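Could you put the whole structure together from the sequences, leaning on the hints where they help?
These protein sequence lines map, in sequence, to chains A and B. The first sequence maps to residues 1 to 93 in full-length UniProt numbering. The second sequence maps to residues 1 to 133 in full-length UniProt numbering.
Hints may be right or wrong, so weigh each one.
[As the list claims (entries may be wrong)] Taking lysine to any residue pairs in the SDA-like style, the calculated list, with each CA pair at most 20 Å apart, reads:
1. A:K50 to B:D41
2. A:K50 to A:V66
3. A:K8 to B:S12
4. A:K20 to B:R28
5. A:K20 to A:R68
6. A:K50 to B:R114
7. A:K50 to B:L19
8. A:K50 to B:S12
If you're looking for bench data, these hints aren't it; they were derived computationally from the structure. Computed from a predicted structure; not experimentally measured.
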Amino acid sequence: MLFFSYFKDLVGQEVTVELKNDLAIRGTLHSVDQYLNIKLENTRVVDQDKFPHMLSVRNCFIRGSVVRYVQLPPDGVDVDLLHDAARREARGA
Amino acid sequence: MSWAGPEDIYLSTSLASYLDRKILVLLRDGRKLMGTLRSFDQFANAVLEGACERVIVGEQYCDIPLGLYVIRGENVVLIGEMVRLLLDTEREELPPHMIRVSETEIKRAQKVEREAGELRGTMRKRMEFLDFD
Numbered sequence: 001m002l003f004f005s006y007f008k009d010l011v012g013q014e015v016t017v018e019l020k021n022d023l024a025i026r027g028t029l030h031s032v033d034q035y036l037n038i039k040l041e042n043t044r045v046v047d048q049d050k051f052p053h054m055l056s057v058r059n060c061f062i063r064g065s066v067v068r069y070v071q072l073p074p075d076g077v078d079v080d081l082l083h084d085a086a087r088r089e090a091r092g093a
Numbered sequence: 001m002s003w004a005g006p007e008d009i010y011l012s013t014s015l016a017s018y019l020d021r022k023i024l025v026l027l028r029d030g031r032k033l034m035g036t037l038r039s040f041d042q043f044a045n046a047v048l049e050g051a052c053e054r055v056i057v058g059e060q061y062c063d064i065p066l067g068l069y070v071i072r073g074e075n076v077v078l079i080g081e082m083v084r085l086l087l088d089t090e091r092e093e094l095p096p097h098m099i100r101v102s103e104t105e106i107k108r109a110q111k112v113e114r115e116a117g118e119l120r121g122t123m124r125k126r127m128e129f130l131d132f133d
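Here it is as structure tokens:
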């Protein structure tokens with residue numbers, strides 16, 4: 001559940017989600033669930049010319065299973081906090 | 001089982017906020033389906049009413065009507081809510097330079113594109129002995 005909690009803390013921030021089909025979408029993280037499905041708002045596709053059908057999509061739901069990367073804002077990651085959380089989780093606490 | 005209240009729905013990752021809206025579903029095989037979302041579940045299985053497939057080849061596109069579709073969730077890549085960019089055109093969702101063509105024409109264009117892709121594939125295969133890298 002570590003990454004679920006982690007993504008929950010990122011809600012409201014601007015992220016870029018890169019999918020396994022090479023579509024990259026930038027938008028405000030609206031919500032995330034246990035499957036790491038992601039909802040984005042005010043989305044825009046990074047390579048708009050290649051994906052003209054995405055022009056009219058402003059809000060979208062992305063299935064967690066098709067996500068390759070989530071690019072985060074540089075200040076969105078507290079490495080030490082994440083590090084501690086990972087150790088805690090590994091100990092089973 | 002408890003149901004999320006209406007205010008929770010808009011804050012959650014559930015698809016409930018897209019119910020009865022016009023949506024675009026991107027599938028894993030690259031197909032694009034449009035229609036009205038009537039139902040869904042936790043796997044992103046979805047029921048689309050008045051579904052149609054939008055085929056895009058280069059600058060041409062065509063919407064092929066399909067009817068009522070149930071989409072199995074594992075094939076879903078993305079579900080997007082479609083907004084109208086301009087009020088009184090029916091093809092508001094695409095860049096203005098794109099041209100609507102008939103179903104036969106788009107099928108032909110699709111075939112040409114596919115065959116060009118296959119040709120590129122075989123050419124590359126035949127050239128492999130040259131070892132470009």
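Checked hints:
1. Among the hinted pairs, K50 of chain A with D41 of chain B is inconsistent with the structure: their alpha-carbon atoms are about 30 Å apart, more than 20 Å.
2. Under the criterion of a C-alpha separation no larger than 20 Å, the hint pairing K50 of chain A with V66 of chain A is consistent with the structure, at around 19 Å.
3. Taking the CA atoms of K8 of chain A and S12 of chain B, the gap is about 11 Å. The hint holds against a cut of 20 Å.
4. Between K20 of chain A and R28 of chain B the CA atoms are separated by roughly 9 Å; this keeps the pair inside 20 Å, and the hint holds.
5. A threshold of 20 Å between alpha carbons decides the hint, and for K20 of chain A with R68 of chain A the separation of about 5 Å falls inside it, so the pair holds.
6. The straight-line distance between the Cα atoms of K50 of chain A and R114 of chain B is roughly 17 Å, inside the 20 Å bound, and the hint therefore holds.
7. Between the alpha carbons of K50 of chain A and L19 of chain B the distance comes to roughly 28 Å, so the proposed pair goes past 20 Å and is violated.
8. This hinted pair does not check out: K50 of chain A and S12 of chain B have alpha carbons roughly 30 Å apart, beyond 20 Å.
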